[in-house]
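Assembly of the complex is requested from the two constituent chains, each provided in isolation within its own frame, with the hints serving as guidance.
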Amino acid sequence: MSVISAKNVKKRFGELEVLKSVSLEVNKGEVVVLMGPSGTGKSTFLRTLNFLEIPDEGEIIFDDIKMKDDAVILRQARSRMAFVSQSYNLFPHMTALKNVMYPLVKVKKMEKNEAKEKAVEVLKRVGLGDKISNYPGQLSGGQKQRVAIARAIAMQPDLILFDEPTSALDPEMTAEVLKVMKELADMGTTMIVVTHEVNFAREAADRIVFMSEGIIVEDSQPQEFFSYPKTEKAVKFLARLS
Amino acid sequence: MTRILKKISIAAFIVAILGTLYYLLSLQYPFHWNVVPMDYLKMYYLGLMMTLKISLMSIVFSFVIGVIGGIMKVSKSETLRDLAGVYVTFFRNIPLLVVILLVYYGVGTIFDFPRFWAAVIALSTFEGAYMIEIIRAGIQSIPKEQFETAEALGLSARERFFDIILPQAFRNALPSLTGQFISLIKDSSLASVIAINELTQRGTQVATMALASFESYITIAAIYFSLTYTLSLISSKLERRLAIP
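In order, the protein sequences belong to chains A and B.
Counting in my numbering, the first sequence runs from 553 upward without gaps.
Counting in my numbering, the second sequence runs from -18 upward without gaps.
Chain B extracted, bound-state conformation (with noise of 0.2 Å):
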């Protein structure tokens, strides 16, 4: 109880400095809450959906990199680990901003497709990156004894990597990935730069619009962070569910 009350007292001190930011500013600034988010909620619903839509295929995308990447980080060959070993310290060392312009301009004119998929590719490629580190924590905190038990038992190289390693190597890797999810999805606002009219790029085209640009930029940070954390809270409620009596 006395960290609930904790958390509140430290939510509401944060809150206070908000609070007098936001007065301060006011005496210069006239808001107008009543025209902006309230005459655009179909634009801000808009840029939602594409950002939810960006992101989720990107998790998925990004997580199928990381899952094998992570194996290759983790497998006999050297080959297969300096593959995925070059790919990590390629993508680790260029601004996320970069990759996006080059995969627009650069990957996106040879294959001629939409913007919307050069956003995905980015951003899957790039934060793939990240999780194949984090998967590759996540295989390496298995005790080895696990690997010897199961082969000891005449298990196959698939059901001792599927069954026995993997199951184990999520659980502890979850609470990694889940964060790795939520900083995805903040990063998605880069892509309102090949104007992709996700949330970011929406709230941009709002603020011009209706002259108010603290009411849309505060509007879309506080759709942001509803989004990241709701999946923040379900995913600690997925943790407690997995988890290993």
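The shape of chain A in the complex, shown without the other chains (with noise of 0.2 Å):
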């Protein structure tokens, strides 16, 4: 069953051609991958699919909803589809906790304890329980990712984007937020994720999607997309990688 599908999108910025038709359905359960060279609308392909960019063509149906740019839907749509960017992710004026536990209470309507509860058990599951009380000012990079993990995990998604999670990260940090996104992957979460870790998606993608150009070209398994790229432009990609 696709949690997500994607038909024909395409978005341009005044005069550049950013997608240009993109089609992609996601099944639940599934881990893809979006790779590529910088510039080729991996990210804003990824922020089409919560309308953060409104497409100018093609629609974008999640889960029952059709993608439209109405207040109701999208709250709606947001509620179940959790984003992680690459950073400023967290609000600086509040702990680790009430960051998990705000939109637990606004959009999902909690009650506070109920949503400090899973707040706590959320932020343990990230490594976290003993930062719970600190502000983001004073978490390290890769902790902060990793509250803004617990904090997508926390809203219970059918979905969760990724955008290039750990590119403003120094390889340590990299490494845990990397870790904490394999074991989602390994429990089942459905997520797309815009990386550049080879060896991520190695390890944790059902399947690649390699875009370039404003276009999807290949969509593979990893195993088959490393080995064996179909077209010269995922060779030469995969060459420059490495």
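I should point out that these hints are in silico values taken from the structure, not numbers from a laboratory.
No residue lacks a Cβ here, since even glycine has one placed at the ideal position from N, Cα and C.
One or more hints might be untrue.
[Claimed, not checked] Derived pair list, reagent style DSSO-like, types lysine-lysine, alpha-carbon separation capped at 27 Å:
| # | chain 1 | residue 1 | chain 2 | residue 2 |
| --- | --- | --- | --- | --- |
| 1 | A | 562 | A | 580 |
| 2 | A | 670 | A | 731 |
| 3 | B | 218 | A | 618 |
| 4 | A | 661 | A | 618 |
| 5 | A | 580 | A | 618 |
| 6 | A | 658 | B | 125 |
| 7 | A | 661 | B | 125 |
| 8 | A | 562 | A | 782 |
| 9 | A | 734 | A | 683 |
| 10 | B | 125 | A | 660 |
| 11 | A | 658 | A | 668 |
| 12 | B | 57 | A | 562 |
| 13 | A | 683 | A | 668 |
| 14 | A | 670 | A | 580 |
| 15 | B | 125 | A | 620 |
| 16 | A | 650 | B | 218 |
| 17 | A | 572 | A | 788 |
| 18 | A | 620 | B | 57 |
| 19 | B | -13 | A | 650 |
| 20 | B | 57 | A | 658 |
| 21 | B | 125 | A | 562 |
| 22 | A | 620 | A | 650 |
[Unchecked claim] Label pairs and their in silico Cβ distance ranges:
| # | chain 1 | residue 1 | chain 2 | residue 2 | range |
| --- | --- | --- | --- | --- | --- |
| 23 | B | 67 | A | 625 | 32 to 38 Å |
| 24 | B | 220 | A | 676 | 31 to 37 Å |
| 25 | B | 74 | A | 676 | 54 to 60 Å |
| 26 | A | 682 | B | 75 | 53 to 59 Å |
| 27 | A | 720 | B | -5 | 45 to 51 Å |
Right, dumping it as structure tokens:
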């Protein structure tokens, strides 16, 4: 059963055609890694999925919701579709606990106590049980991203979108964040991840979707993609990565 | 510690210059500190109370104007942005003294309100223009990812603005806001031109009655200084308390 399906999504910024008809369907429990050279529209495509960028053409269906620019529909969809971006994910004026609790109370309409319990539980799960009362400014980059992931999973979303979640981190912190993401993947979380982390893609992904110049060029299993890339572009891309 | 010593020595230097001036003046002008301010304490007290009343009311109103106008300035609607823009341009290019006179003699005549309100309205609308720019800058100092993250979480426009953006914007704007509050208190002295009995007006009255202008103006200068300096001390304490770790 597909969790999200994008059909012929097009997006242009002024003269620049960033997405030239992109279609993708992701099933429940699948981990899809979006790869490709920078500036090929991976992030833009990811952001059209939750309508942070509104597509010029095409349609996006998430669960049973047909996405459109309407406050009620978007709120409903976004409460079940989490988004973790590169950085500045956390609200600096709230503690780690409050960062996780706040959307549970406001968007999920949970009772405060229940939300707190849930928040503590997920923060423990990402290994930050002892940091719940720290402010983002008192956490390392990796810890911040783990809080952001904790907030995402606390919402019990049907889908989590990751937009280069480790690209602002140093290698050590990248490892701790990828470990948490790998655990999520193993638990059957449906995720779409834009990343350049080959090892993560190899180990965690069910599918690698390779984009170049605003279109999807390849869509295959990791082993196949990394060992036998079908297109010239993918070969070149992989050669540069290693 | 060295920084405090440095500050103290600079202050001592300034006091020395002022002391010299005072000495030179005292050679030609007989100071009567026993008469002014001592015999007129009630006058200064009443003046101070009026200054506080006008300033506090104008601070509240101008802050409200600032928040509303600041939000308008960053809104998606071009009309709202332009409206706030014209307001700011208008008041930033007219002297406050002229605004006070226009409100008192012009608008005041049409609607027939007491001079006290003329002063409050003039000060609030004028300083409001500056508050608008301060709040706008505060909002725009928030990284755009904060707006996006809040949106992606499914928060409503209201929640995004009041729970996420405004608390951060307010913290960033606090130093400039207090600066503007201090300006406002000092600017309220201009209300004396429409014969409001605030501190400056009372000071002038005492100066004429007792024939002791220097004593009186030095006194009110000291009162203004203590008032605004206290406010800036409170504000930096507040900033430290509100600072996000």
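Against the structure, the hints come out as follows:
1. A:562 / A:580: 24 Å, holds
2. A:670 / A:731: The hint holds at about 21 Å.
3. B:218 / A:618: Answer violated: residue 218 of chain B to residue 618 of chain A is near 51 Å, above 27 Å.
4. A:661 / A:618: Holds, because 23 Å separates the two Cα atoms, which is no more than 27 Å.
5. A:580 / A:618: 17 Å, holds
6. A:658 / B:125: Cα-Cα ~21 Å, so holds.
7. A:661 / B:125: 26 Å, holds
8. A:562 / A:782: Judged against 27 Å, a Cα distance of about 24 Å means the pair holds.
9. A:734 / A:683: The given pair, whose Cα atoms are some 22 Å apart, holds under the 27 Å limit.
10. B:125 / A:660: 24 Å, holds
11. A:658 / A:668: 13 Å, holds
12. B:57 / A:562: Roughly 24 Å between the alpha carbons, so the hint for residue 57 of chain B and residue 562 of chain A holds.
13. A:683 / A:668: 14 Å, holds
14. A:670 / A:580: Measuring from Cα to Cα gives roughly 23 Å; hence the hint holds.
15. B:125 / A:620: Satisfied, since the Cα-Cα distance of roughly 22 Å is no more than 27 Å.
16. A:650 / B:218: 25 Å, holds
17. A:572 / A:788: 21 Å, holds
18. A:620 / B:57: Distance ~19 Å between residue 620 of chain A and residue 57 of chain B Cα, so the pair holds.
19. B:-13 / A:650: 43 Å, violated
20. B:57 / A:658: 24 Å, holds
21. B:125 / A:562: Judged against 27 Å, a Cα distance of about 24 Å means the pair holds.
22. A:620 / A:650: Violated, at roughly 30 Å.
23. B:67 / A:625: 32 to 38 Å: Taking Cβ atoms as reference, residue 67 of chain B and residue 625 of chain A lie about 36 Å apart, which means the hint holds.
24. B:220 / A:676: 31 to 37 Å: Roughly 34 Å apart at Cβ, these two residues keep to the hinted range, so it holds.
25. B:74 / A:676: 54 to 60 Å: 59 Å, holds
26. A:682 / B:75: 53 to 59 Å: 58 Å, holds
27. A:720 / B:-5: 45 to 51 Å: Cβ of residue 720 of chain A to Cβ of residue -5 of chain B: about 48 Å, so the range 45 to 51 Å holds.
Against the hints set out earlier in the document, violations occur for numbers 3, 19 and 22.
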